[in-house]
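The two chains are supplied separately, each in an independent frame; assemble them into the complex guided by the hints.
Same order as they appear, the protein sequences are chains A and V.
Residue numbering for the first sequence follows my numbering, starting at 1 and increasing by one per position.
Residue numbering for the second sequence follows my numbering, starting at 1 and increasing by one per position.
No false leads were mixed into what you were given.
Derived Cβ-Cβ restraints for the label pairs, each shown as a range:
1. Q183(A) / E88(V): 37 to 43 Å
2. K163(A) / N93(V): 55 to 61 Å
3. P118(V) / N101(A): 27 to 33 Å
4. D41(A) / N93(V): 47 to 53 Å
5. A123(V) / V117(A): 35 to 41 Å
6. N2(V) / M1(A): 46 to 52 Å
7. A177(A) / Q64(V): 31 to 37 Å
8. E157(A) / G62(V): 52 to 58 Å
9. V121(V) / R56(A): 19 to 25 Å
10. Q64(V) / L139(A): 22 to 28 Å
I should point out that these hints are in silico values taken from the structure, not numbers from a laboratory.
Each residue gets a CB set at the ideal place from its N, CA and C atoms; glycine is no exception.
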Amino acid sequence: MYIIVGGGGDIGYYVTKSLFAQGHEVLLIEKGGSRYQSLRDELGQSVVRGDACEARTMDEVGANRADVVIAVTGEDEDNMVICQMAKKRYKVARTIARLNNPKHEEIFKKAGIDTLVSPTKSILSLIESDLPSTRFVPLLTLKNAGLEVIELRVPAESDAVGKALGELKLPPACNIALIIRDQSQEFVFPAAETVFLPNDDVFALVSRESEAELRSAFGATE
Amino acid sequence: MNIVILGCGRVGALFATMMDREGHAVSIIDLNNDAFQRLPAEFGGSIFVGNGVDEDVLIRAGIQEADVFAALTNGDNRNIMAAQIAREIFHVNKVICRIYDPMREETYRELGLETFCPTQVGAQILHDAVLAQ
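Next up, chain V with everything else stripped away, as it sits in the complex (with noise of 0.2 Å):
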């Protein structure tokens, strides 16, 4: 598959190196060159620095061929624009977006955008934790 991943934090990085290892074809895209230094040598995807909500960047990194995009930035907002833009304008199969606020997933959730909010994941968890005691 394709995939164009947007913000290279330590998800970002971590999910590249996985589907790069997997044999797939990744290109990463960070607004800070700094950023590709989470990712390993053996790294074998390709590596953008620019802004994820600029076209530009997007096709430079080679979104009109994309089978996946994931929006991983650490800005909701920039990860709900990216998002709409690669399933609005450039129509890619499998979009998903990182929403931190679970007041914002929900709603763009329901708007059809594939979201997941780690702030839920994460209050579960350790609820379920603690229960399990």
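In isolation and in its complexed conformation, chain A is listed as follows (with noise of 0.2 Å):
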């Protein structure tokens, strides 16, 4: 394939070098100067100098013919106008943009981008994903209450399977307002008596103080 990348810092210049490995003809695009010319020094001639938003690189480059053109400067203003222009002025069937800034991802689909990579999300994902038989998200924070809403996993060799709620010791400023069931997804709005299963998804509130303490009940250590 004829792959073209915008933006020659880190991500574009690993990018360039996998794809390149892989057998692709790449081409790097970098407007920089004396960053040009390291790209260049390493890269030589899958290095181009010039402006991936202007229209005179992108036909010098040849971008009517590329497969897949890839956006990743550090401004996302600059990766959603690569990709617009090579959508709708080149034709290119496959545009993929670097989202800087997670709150841009609804204008950036609605322009039409077909992938966008947000490394901000993808972080923060892995963290809320990460160890998933102790799983502590919190939610939403409840600012002038002092609340979290949290989503906790129990996880199977918690002391709390097996118990019924009414059993647990848990904080006073707490409240466990759903649970979803791990094999039959069917929600349950807990009473004293519910009892606990392995991998329940529970949802709670609690105050920010016992949250830790709440955490502990569920042997859903951080």
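Structure, rendered in structure tokens:
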């Protein structure tokens, strides 16, 4: 495939190198003079000095025969324009943009960019899904009340498994609002006699001070 | 009308002043606080420091009630992105976007954005002035 990469920062550099090693025809566009020079010294002809937002540069590199355009500059507005120009002006089938600010996801999607890659979002979701058996995710903070809405997964080896809600020693400023069963995906609004099963997803309201206590009650370590 | 202007450069400041004098409710946004010095002392609109592609900044400047949004920073891509946010996310009725690069301007005009290109306009004026002699 012929792949054009816009933006020669670290991501652009490693993407270019990897795609090149996989046997693709890759062209990296970088506008900064000194950065261009050091990329050129290493990657040779695969680097072009120019602005991937400019039609002049894109004409030069033959963007109309590109299969994929990847925009990975540090500026969301540049990544958006690179991809939209590629799609509209050069009819590139597949555009991929790096999203720096996760809040820009909606407008990027509306702009018709095919694939969004958000390092910020990936890191956040990795943290949330890490150690899945002891997951404890703050969902929402009710600032004025000092409350958090949290989700936790009951580990199979937890002491809470097999016990009823009424038997557990929970902190006072806490309310178990909802349980979603792992197997059946059924939801349960728990009462005192509701028994916890392994891998239940528990949604609770808890004061910030009692968060750690709630976590240890379910054996959900951080 | 409620008018939100992004970019308090020469054009943004002058446009904001004109619309304010004609009695419209004007909000103007710029990244740089010093830019607002271009506004006259009697300017009655509101000023906001912030990044115009940040939705929270746009909301603070009142984009949800805006009838008009004009993107007039000196960055083409910033204007293009802000104008699309105004149109696609906040559904502002009239969105105008300045784009210096004629090629980019052509593409976004075809995509349905209301754009103008000072480069094109300036070159045309020069062309006509020379030929009129």
